[in-house]
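Taken in sequence, the protein lines are chains A and B. Residue numbering for the first sequence follows the numbering used here, starting at 1 and increasing by one per position. Residue numbering for the second sequence follows the numbering used here, starting at 1001 and increasing by one per position.
In short, the hints are calculated from the structure, not lab data. Don't take every hint at face value.
Covered by chain B, according to a simulated footprint, are these stretches of chain A (three or more residues, beta-carbon under 8 Å) [stated by the list, open to error]:
no., segment
1, 16 to 29
2, 145 to 154
3, 321 to 332
Backbone N, C-alpha and C define an ideal beta-carbon position, used for all residues, glycine too.
There are 2 protein chains.
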Amino acid sequence: MGKSTPLKVALLGCGVVGSQVARLLIQQADDLRARVGRPLQLVGIAVRDLSKPRPGIDPGLLTDDAAGLAGRADVDLVIELLGGIEPARSLILAAIEAGAAVVTANKALLATEGGTIFAAAEAAGVDVYYEAAVAGAIPIVRPLRESLVGDEITAVLGIVNGTTNFILDRMHTEGSDFASALAEAQELGYAEADPTADVGGYDAAAKASILASLAFHSRVGLSDVDFEGIDAVTSADIDAAQEMGCVVKLLARCALSADGSIAVGVHPTMVPLTHPLASIPGAYNAIMVESRNAGRLMFMGPGAGGQPTASAVLGDVVTAARNRVRGTRGPAESTYSGRAITPAGAVASRYYASLSVNDEPGVLAAVASAFATQSVSLQAVRQESLGERARLGVVTHLARQEQVVAAVAELDRMPEVTPGISLMRVEGA
Amino acid sequence: MGKSTPLKVALLGCGVVGSQVARLLIQQADDLRARVGRPLQLVGIAVRDLSKPRPGIDPGLLTDDAAGLAGRADVDLVIELLGGIEPARSLILAAIEAGAAVVTANKALLATEGGTIFAAAEAAGVDVYYEAAVAGAIPIVRPLRESLVGDEITAVLGIVNGTTNFILDRMHTEGSDFASALAEAQELGYAEADPTADVGGYDAAAKASILASLAFHSRVGLSDVDFEGIDAVTSADIDAAQEMGCVVKLLARCALSADGSIAVGVHPTMVPLTHPLASIPGAYNAIMVESRNAGRLMFMGPGAGGQPTASAVLGDVVTAARNRVRGTRGPAESTYSGRAITPAGAVASRYYASLSVNDEPGVLAAVASAFATQSVSLQAVRQESLGERARLGVVTHLARQEQVVAAVAELDRMPEVTPGISLMRVEGA
Chain A
1 MGKSTPLKVA LLGCGVVGSQ VARLLIQQAD DLRARVGRPL QLVGIAVRDL SKPRPGIDPG
61 LLTDDAAGLA GRADVDLVIE LLGGIEPARS LILAAIEAGA AVVTANKALL ATEGGTIFAA
121 AEAAGVDVYY EAAVAGAIPI VRPLRESLVG DEITAVLGIV NGTTNFILDR MHTEGSDFAS
181 ALAEAQELGY AEADPTADVG GYDAAAKASI LASLAFHSRV GLSDVDFEGI DAVTSADIDA
241 AQEMGCVVKL LARCALSADG SIAVGVHPTM VPLTHPLASI PGAYNAIMVE SRNAGRLMFM
301 GPGAGGQPTA SAVLGDVVTA ARNRVRGTRG PAESTYSGRA ITPAGAVASR YYASLSVNDE
361 PGVLAAVASA FATQSVSLQA VRQESLGERA RLGVVTHLAR QEQVVAAVAE LDRMPEVTPG
421 ISLMRVEGA
Chain B
1001 MGKSTPLKVA LLGCGVVGSQ VARLLIQQAD DLRARVGRPL QLVGIAVRDL SKPRPGIDPG
1061 LLTDDAAGLA GRADVDLVIE LLGGIEPARS LILAAIEAGA AVVTANKALL ATEGGTIFAA
1121 AEAAGVDVYY EAAVAGAIPI VRPLRESLVG DEITAVLGIV NGTTNFILDR MHTEGSDFAS
1181 ALAEAQELGY AEADPTADVG GYDAAAKASI LASLAFHSRV GLSDVDFEGI DAVTSADIDA
1241 AQEMGCVVKL LARCALSADG SIAVGVHPTM VPLTHPLASI PGAYNAIMVE SRNAGRLMFM
1301 GPGAGGQPTA SAVLGDVVTA ARNRVRGTRG PAESTYSGRA ITPAGAVASR YYASLSVNDE
1361 PGVLAAVASA FATQSVSLQA VRQESLGERA RLGVVTHLAR QEQVVAAVAE LDRMPEVTPG
1421 ISLMRVEGA
């Protein structure tokens, strides 16, 4: 192939990100050609609705035959931006079988079907790149897969969902409750009409599984992630965090447990203001990597949006295209370590518990005893009298989830304690 | 070559970083083999002094014949950690000629002789990786070279020298003057016995030239960088910054000018506390990348030290070794855009000027007029009376360096103004 023979690119999906990718492929054609070594030619865009107006997009490129486009034998590179499991999964597998490299931003698919897709790519000898699947434009997949590949990563902590970070930020700074902060996020376009995947923690959990797989050279799927969302976070939780010099963040936490297994969870977590992740504002994302030799690294940037995500997609397109020009491939998925998943109950964290109790002698002793019975030691206790009732705020030292849950269950049965104890993880040792 | 045939690795230099690299190559041999696909075998370490005790290093590996080791035909990968121009330059060229891939942390060499080295590597068809040359363990070379390669970068701002960041931090937090903060940095091992390269801005300038080359796909050398150090920063400058809600940082700034040329400078700069780079503590490094599509990204981590730098070196070693196993190469240097360098005098910035003047009628008007004559507009003026004298603090809007320098030269000639006007850039528009 000569230097002027174009590499053929097919685009599946032309929504917020896809339309930006199409625009950039055309507008930056000269730069991309110089960086790749050959021109990139967009040969087709698969869309669901052919009749929808798409300003700036050549209508001749549009097709509603996604399977036909993805499986074209002459296509070098397929960009999948449909999202969701099907038809994305079948189309990607068809593209791989036809010999194309694949660039995708589909975290849900990689978190559930990553094994199938990487195995197919390995068998066919083609690249699969997915920088845009985690934390938008922030380069994190490539640093984990390549820059830190000579190091031993011990933990990856991240704010990987901009919608929930925006909502929690508003609850802190404006004193909004969850419902009105969510409504504001929807008005401003930071939350979708159906916000379930974001506020329920599902989106962050998919990203956590991808980060954990990369960091620990092991297969971690969505079903391995112990996750919860922010829909149960109350203004009282926010106030309690502030009293403790913390902010509440939806934190994805992937860490090596003492026994070498991998703990992966996504939980609303109190993060001390002195922690670098505490100051990540609004819809930004940030990821902190802790490793034996490099120490603590932090990566920050816009976590979503059409343009930032398109930037990450284009970076992958150039890399995959460069590889193709050189007749080579990038690093394949690395799962050699085959680590087990730490059971959720065995994952250690600090916890904050807020209890409403009768303000009478002996209650504090009973509460302390419930924790002690489960071998949970307390780091701090704060009692605030409210007349006949008192509010008790308790911070534990590092304890396993199952210990803390058992202690709280016992407390919930005590007549002096109002049922419905609020419990939240606290970052830090 | 079978999967068990080792790739042969030669190490040039066994100082703070080199000894860590040697240690990790041995300790993490199993992980590295799994990640590369073949074992890495350390076949020799070139040192200056064979008699120096090196605990944990097999004495049989040591040699004082660096040229013989670097030029061995059977070596797959040469790691250069000598620093400085010669003999590092000749040894790297010999290694390339012998067909080895090169991993180096040598910023001074790349900043001055990068063109020669990259051309030799291109001609020989071998890789040159240098993540450790900029900002220690922080993955920034690979994100610029690969992750953001589909985007258009408009500016790279960085705190890329930990020694000066530590010293400035101490001057702010402890009220130390430059000399005692430097002495403290030397005691703690953050500054070398001869601190010239760090405090004089030379080290940061070398890194700035590498960052600018990568970001703008153009050759930028050390001689293109307009740089100064922090040795002239006074406690009065620190106080003035604090009064303005800023901190003084040694900021490397690489940006596209309006005419498409590249402005590259390293200067002590007042950075507003609201700026993400303002809060980078102690010996940490951080780099902010601004791009058309990805927006603002920030990368933070330990900027120096044996272990963090060794982590970056090992990441490059694995990448280069993987390429070799696959019979391929990584992306070559990209200099297609061939941009000009903005003359230092034409680079725009905001400036802070501090003047000691006679406290008498008409002085403020004369000062304002000196700036106006050079078409420099003022954003803020603060006057503090000190009896017969007054201190004037002036912040300009964006102005070219030559305009501000001319205005200050005129002020310096005025009888009402004490000569020796203190001038510092202010980050932000």
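Could you tell me which of the hints above the structure violates, numbers in ascending order? Result: no hint breaks.
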